[in-house]
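Trainee: This is what each chain is made of:
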Amino acid sequence: MTDSIHNSDTHSGVSRRAFLKGSGAAAAATAVGTSTAPLAAQEGGTEVVRGEKTISLTVNGQNRQATVEPRTTLLEMLRYQFDLTGAKPVSLDGSSGASTVWVDGKTVAASTMLALQCEGKAIRTVESLGGDQPDPVAQAFVKHDAEQCGFCTPGFVVAVRAFLDKHPNASEEEIRQGLNGNICRCGTYANIIDAAMSIVKGESHG
Amino acid sequence: MVEYYWPQREETTLIGKPVDRLDGLEKATGTAKYTYDVNLKDQLIAKALGCPHGHCRIKSIDTAAAEATPGVVHIELLREPGSEIEWEGELIAVVAADSEGAAVEGRSKIDVQYETLEVFTNDEDLEAAKEAGRTTRGGGKAETQREPGEEDDEDEFIEDEIKRLFGEAAHVIEGYYGIDAITHCCLEPHGSTVHWDNGRLIAYLSTQNVSGTDDGFARDLNLTADDVDVICEYIGGGFGSKFAADYWGIAAARISKQTGRPVKFMLDRDQELKLGGNRPSGYIKVKLGADENGVVQIWDSEHWGTGGANGGGVSHGVIPYVLSPPNYRRLATNIKVNAAQARAWRAPNHPQACAMSQTAYDDLAAQMGADSYDIFMRNLGSAQGAKPEVYAEEMKIAARLMDWKAKWHAHGKGPRDGSVVEGLGMALHTWGGTANNSSCQLKIYPDGSVQSFCGTQDLGTGTRTVCAQVVADTLGLSLDQVQVNIGRSTYPNSGASGGSTTVGGVSESHRRAAQDALMKLFDQVAGALEADAGDLEAVDGRIRIKGSPESSLSWKEACSRLGLKPLEVTASYQRGSGSPLSSSGVGGVQMAHVTVDTETGVVKMRKFVAVQDMGLIVNPKTAKSQIYGAAIMGIAYALFEQRKLDPATGAFVNAEMADYKLPRLGDTGQIIVELYEPDSERERGVIGLGEPPVISPGAAISNAVCNALGVRVPVLPLTPKRVLDALQQAGRV
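Respectively, the protein sequence lines represent chains A and P. The first sequence begins at 1 in the working numbering and counts up by one. The second sequence begins at 207 in the working numbering and counts up by one.
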């Protein structure tokens, strides 16, 4: 998914994403004081910033450490270093919502945040809603069959949990308006609305 | 010989019950492992460089800088200098590296020089395509009730006969309709995670064809299918696009072999949209003639569209769609454009055919000032696929759920709320859905545990759950007493999930295996119960004598009499062999209620009703989900999604999730699903459901918009611009 840098012969020149990613990585590296030497300036001004750094953070309540590059995203760190693959790589820019996680209590598309920015932060993923006593939202997704292929489902479960935490008495209309950050291709929206409403109505319990 | 049958409705414990999907919690809490999620020790991440041009020839490829990139381990060329590339995105070279970042960086350093060639993308303009030499014949057919005499020239006779029929027609409609190409847009892109184990290839592949793709790998890698183990426990969407290992899967296997390391090679998002699969476009010019009651007597059409660089398009065989008048002529022309070749998209040909045909029937109603419902009903005599009475009954149910009669107004004659008007539309569809070949191995262990093994796959339709329901119900057990194993090519073969054939196939094989196994178990325990095996039944976790439930053994006691070895059976169903357990041919009716803002051109879904027949329903909960999903996928292609190609470069300009517009949760309105399962349909056995309900939404929504506006917006998706353009053309703005 990290289609951040195109080859020199693209008809459109440097992509917008390449620019954002390049500058984002550089900015993040500066912010955390990594000693980096910008190497090999790429065509169109994209710079690859090198240098690994070990960061400390909490993931689902546990203290963890990870060694990451400036360009490593939070999503890559979760998936490849911690094997937490609930958050999915669907879109680089977060427009699908499939990689939604909590960072210090706020929902973020993990594909849009750099791992270095997570130093000292508390990350919570969809996996924290499982275990022996699954979160009522996850259970409501099962009961109302709000999942088909299931690839978007973890992102949706986090989105619904976060939305209902803020709006525990949401109306159906508010649910229809408030969960438009996520995409499902199989078409589970009708069932997701039912699942969310069942939580509001207190029909689903953990 | 065991006589296979389905229990009566009132006798089932799990079949026909709304069972929660077995893997629901794994999916909802992120522990379900998809191909993309399989992380193997020391794996390489592969990223491919896609061609940036719609049509070009490769002049040179220089990988030196890429090879020198830190972390890059291997580079493989998929195309050589001199290759002609006919669509943007085609993969040129693969970089395998220690991390995604290194792979992407390495890819960026591959220097490819191209010679650009002429591009053609205009699939809607038939004349332009002809001029550019981009058309091929798509076939056609003409039939008239009157037959030519021996002396007649057939073409002339048909021409004259069509002229005569139009002359006699009380109502004549001439229309233009169309539907743009769309993509499959699987959320999990195509790809695999592979490794080698003592000369065997272990391929975690995102596939809807677990039992068939081992052959694909084997053929291209000079192995036998036994040397390949394809595994797919979970797949993040397929929709008809994931039947093959694909050349990128083969490349992953080759790179893994050469490097001695596992390789994960998934397409990027834009590559998924550009290469992963698309559905042919279709555009049609239609003239139809009807009698004074609006019963169509003659249909004359020419349609065209593109299936990509090799041509192809919408088959003429399904034009006109479902409603097929006694006299017709149809002609299809295929157009080659610079885009990747189409793949089967959920119900191939049917959604386009429906959107290109039943819109014309609705325009007939509009011209007559008639209720569209009545015109569709009067034309059911010519209905193909399902029985006319099935469509008629479903129309009545749908109309009641939509409150059609109360809401109906003549086209363009409804009340206005400021700039907003509303309208109703309907359409109907059919599909085969015959059961696919499927084999199931069932093992009953002496400790009472039960396991089934079948090389099928669960696309999210609930296949795993259906298998468990059938086995457990047949054995008189609960769901948790049965372990279903699917998703490995080493299990007994089961057909690809295409054509809505899976639920029929696995229901056949699992029911047969469970009935066979049970009969063998009865043989083993009949002595202990002092009864004939034929007098035994399995109910509520016990084996008992029919009619004397007090003489029984618990399931565990019964199984303990098996000795040391498990009881094993393998049962198979072969397509076309005739069976009381499955059948084919379903019908469905859908209705849409929309509002249209005539100032902004925005169409909003208010309500959507889907009524569907599918023979015997194994799991009404997951079946309903399929229909909800199909309705939403239909709303997607009716109102939102389209592949946009830049006419100058052939670039697929909206190949990212942010740009490839799909409906969100707030865009779909209220959806009502009704499963139609009277005894007359249930008796037919299991029939596939995945595809049929995705067929009608385009026509139904287009008809609803036309009913609201009194103006046809001819081409789907009905974007705000197209709505406003149609209004302007009609002089309504």
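Hints may be right or wrong, so weigh each one.
[Stated by the list, open to error] If we take Cβ atoms under 10 Å as the criterion, some of the chain A residues that face chain P in the derived model are:
#1 T73
#2 D83
#3 K88
#4 A122
#5 V126
#6 G131
#7 V137
#8 L164
#9 D165
#10 H167
#11 N169
#12 Y189
In case anyone wonders, no lab produced these hints; they're calculated from the structure. Cβ coordinates follow ideal geometry from the N, Cα and C atoms, glycine included.
Trainee: For each hint, tell me whether it holds in the structure or not.
Mentor: Going through the hints against the structure:
The criterion of a C-beta within 10 Å of any C-beta in chain P is met by T73 (chain A), whose closest approach is roughly 8 Å, and the hint holds. Residue-level restraint check for D83 (chain A) holds (minimum Cβ-Cβ distance to chain P is 6 Å; threshold 10 Å). At about 7 Å, the closest approach between the beta carbon of K88 (chain A) and any beta carbon in chain P falls short of 10 Å, and the interface hint on this residue holds. A least Cβ separation of about 18 Å between A122 (chain A) and chain P goes past the 10 Å threshold, and the interface hint is therefore violated.
Nearest Cβ of chain P to the Cβ of V126 (chain A): about 4 Å, under the 10 Å cut. The hint holds. Given the 10 Å rule on beta carbons, the hint for G131 (chain A) holds: about 8 Å separates it from the nearest Cβ of chain P. Using the Cβ-Cβ criterion of 10 Å, the hint placing V137 (chain A) at the interface with chain P is satisfied: the shortest such distance is roughly 8 Å. Hint status for L164 (chain A) relative to chain P: violated, with the closest Cβ pair at about 14 Å, above 10 Å.
Annotation: interface hint on D165 (chain A) violated; nearest CB of chain P at approximately 17 Å, more than 10 Å. Given the 10 Å rule on beta carbons, the hint for H167 (chain A) is violated: about 14 Å separates it from the nearest Cβ of chain P. A cut of 10 Å between beta carbons decides the hint on N169 (chain A): the least distance to chain P is about 19 Å, and the hint is violated. Look at Y189 (chain A): its Cβ gets to within about 4 Å of chain P, closer than 10 Å, so that hint holds up.
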